[in-house]
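The two chains are supplied separately, each in an independent frame; assemble them into the complex guided by the hints.
Residue numbers (this note's numbering), protein chains in the order written: chain A, 1 to 191; chain B, 1001 to 1248.
Nothing false has been slipped in among the hints.
Subject to a maximum C-alpha distance of 30 Å in a straight line, what follows is the list of computed DSS-like cross-link-like pairs (lysine-lysine):
hint	chain 1	residue 1	chain 2	residue 2
1	A	K98	B	K1092
2	B	K1164	B	K1193
3	B	K1096	A	K98
4	A	K98	B	K1203
5	A	K98	B	K1095
For the record, the hints were derived by calculation from the structure and aren't laboratory data. Quick caveat: nothing in here was measured; it's all calculated off a predicted structure.
Listed below, chain by chain, are the residues.
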Amino acid sequence: MKKRFPFVTLSVTLAALVVYAVPGLSAWLVYNRTEILRGEWWRLFTAPLVHFSSSHLFWDALVFAGAGTAVEWLGYRRFWLACTVAAFLPGLYYLAFKPHLLVYGGLSGLSTGAVVYLALHRAKRGGWESAAWTAVLVLVAAKIAVEAGLHHAIFARAGAQPFPVLPSAHIAGCLGACAAFIVDLLKKSPA
Amino acid sequence: MTRPWRLLFSSVALGAVLFAFAGCAGLFGNNKVQHSSSLVDYLYPGKRQKVKPSIPHLDLPLSVGLAFVPANTRDLQFNEKAKMDLMDRISKEFKKIPFVHDIQVIPTAQYTNEGVSSLAYWTIVGAWIVRGEKNDTDTLMDAAVFDIPSRKLLFRAPGTSEIKGKATPVNLDKQLRVDSEAGFREASAALVKNLQTSLDAFKKKVKEQPKEYVITHKEGYGGGALGPVVSILLLVLGGLGLWLGRRT
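Chain B on its own, in the form it takes in the complex (with noise of 0.2 Å):
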């Protein structure tokens, strides 16, 4: 198993995938062309039966994986540079989490493993809907962050774009890539402004719902902390110290 995916299924760390979904219509409304890349099919070929999620177990510092799942299609090639630029700006959101220590972006040629299968099965529960009205293009865009040992959606954020068809018989190809492009460009901002409020809310979660996460600490996660008992004795013995100063 390559680096990247002990990295993503370990037992430390959390997944965080992204899975793209983009729906292109024809010229006419009835010949519609849907795309997508399904993070199930590509992780599971074949393989779909329902799993019951146990409770995850965080162990912090986190080690986040980050990935584009790719195409099941060949039209459905995103601009490589985009695909990183939306990796980085999610990377920085991730970056803002005190807990999380690494955030490794795996590039879409080295998200190919066949070990990946073998691993766990996994259900998702979930509907994407993709329109188009006649050349309209619609982008909706997913990040879901997975723990994956317990197999258990941790959160997700969506992000979505409607780009009205502007396309005539003679440019169609060209403009039909022009709003792919604006919609991908649309949808990740959508998406990047989400994941900040999913992982304020997953973050308030945590805090108010212990009993469904375990929460440890690695070695590696320590802090400088006095605690109650030893600051209050001084205090209240440097209190004295001083009283007993101001007296003599």
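This is chain A alone, in the form it adopts within the complex (with noise of 0.2 Å):
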């Protein structure tokens, strides 16, 4: 498999790192539901790139970097239709079925779906490492079902603060990844 550089992974991460540091930026790009319905869509879609603390970047943004970076070094190629279907799908899913979400960001459903994409991937390859994979399958999995099953009880922090967890956007993240590895399945899959 040929290995690549990590165009994508370095693309988000570094936006998401401007989009912090430059004031006024995460305003105008995040999930905003009274200023999207006003006609400012990009928002749907720029939200992942906003963050509301600088732990709740570091460690969204450590994630997906490092995911990411392996996930494109590794070669799989689909990474970035993964990272589309995460950044796209909850913003669309929140304006049309959440309307009492007025404000969203983070880019944990893409390090979610880099993740899940990567373990989907390396968990076909049997022995140890596969039994390591599904781990991180397993853990991706029960972090969601109990931040779902919970109602937002599992909190993030923005500084001092707590702020509830969208485990949609997780959701999200994982469709994408599940979504790339089967067109990738279907694309090596002899016609």
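Structure (structure tokens):
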């Protein structure tokens, strides 16, 4: 498998860092239901670049950078598809079905997508490696299940204050990863 | 209570209130004319009583109401378009804050409601000095952001202008009107600039003094976050998986 420069991962991570660092940019890009309904549609897919605190950014970006770099370096070609689904789906879903959700941001949907996409590919390889990646998939599933079951009872922190985590963003990441993985399998299958 | 007032005085709202003061001196120095529009006078006519502010409770994301307090005299009628332009510029400053999800600009015409005076008593401590030398026009504007339930001034931003008088007795009224409009523009520009600084200082203050402000998040405020524990577990397990893959 041909090694590839992690272009998507570095671009998205750098963009998230810039958005956090430049004053005013976060407010212009965050998912804001009121402004989206007034015509600022780009917020639907730029929200993952916005973070509410340095720790929120750090952990999301760290996992995305680590998993994304591995994915691209190892040559899994449809990482862009996983990222696209993870970026677009939450915003559209919240706009259509979650009218009470006013503000949303965070890269963790893409991070989850990167981890799951990598884990799905590596878990096929068998042996102890397969066991380790299966454990990763179980951990992701458990996190989402607990968050969804407890209805926002798990909190991340924005500075000194906690804020509710949206498990649906992580589910979108998983769906994107599964879509990319399935397309990979179909393309490899003999016609 | 009309919708703008519910917004302005609900527990989730900050009231961003503008009050403007303008002084115009007459032709002769001793014959000064001063006009003002006072927030306190307008909201609580005849009821002044000291209240002790409590700790503001900011429930994110915030709704901000923005209104221009009407003048208490017919002489102080700023151009409506100029007022709306200023409000738009202030709105843009608030829009730079990610945790402000809505800004309602309340037209002056709607800024009248008999229910306001029954809500709370305020005392605003401050001095506004309006100087007028000959036919100079001095304008002082002030944008004040209040947390209505706690009756606490969160921050404020001033804007001032001093226009030196050029009028002669022949064109006095016209020139004073022109100077007044110019003063409004200059003071507005200064106010917007100061508002940026005040907003930054307020955000810093909220972070540095968590005991001074109670911050909670509504259900409508959420994020995609992994958190440190899950992130570390994922990285360790993923790293282990990659290492095992290299060995085989």
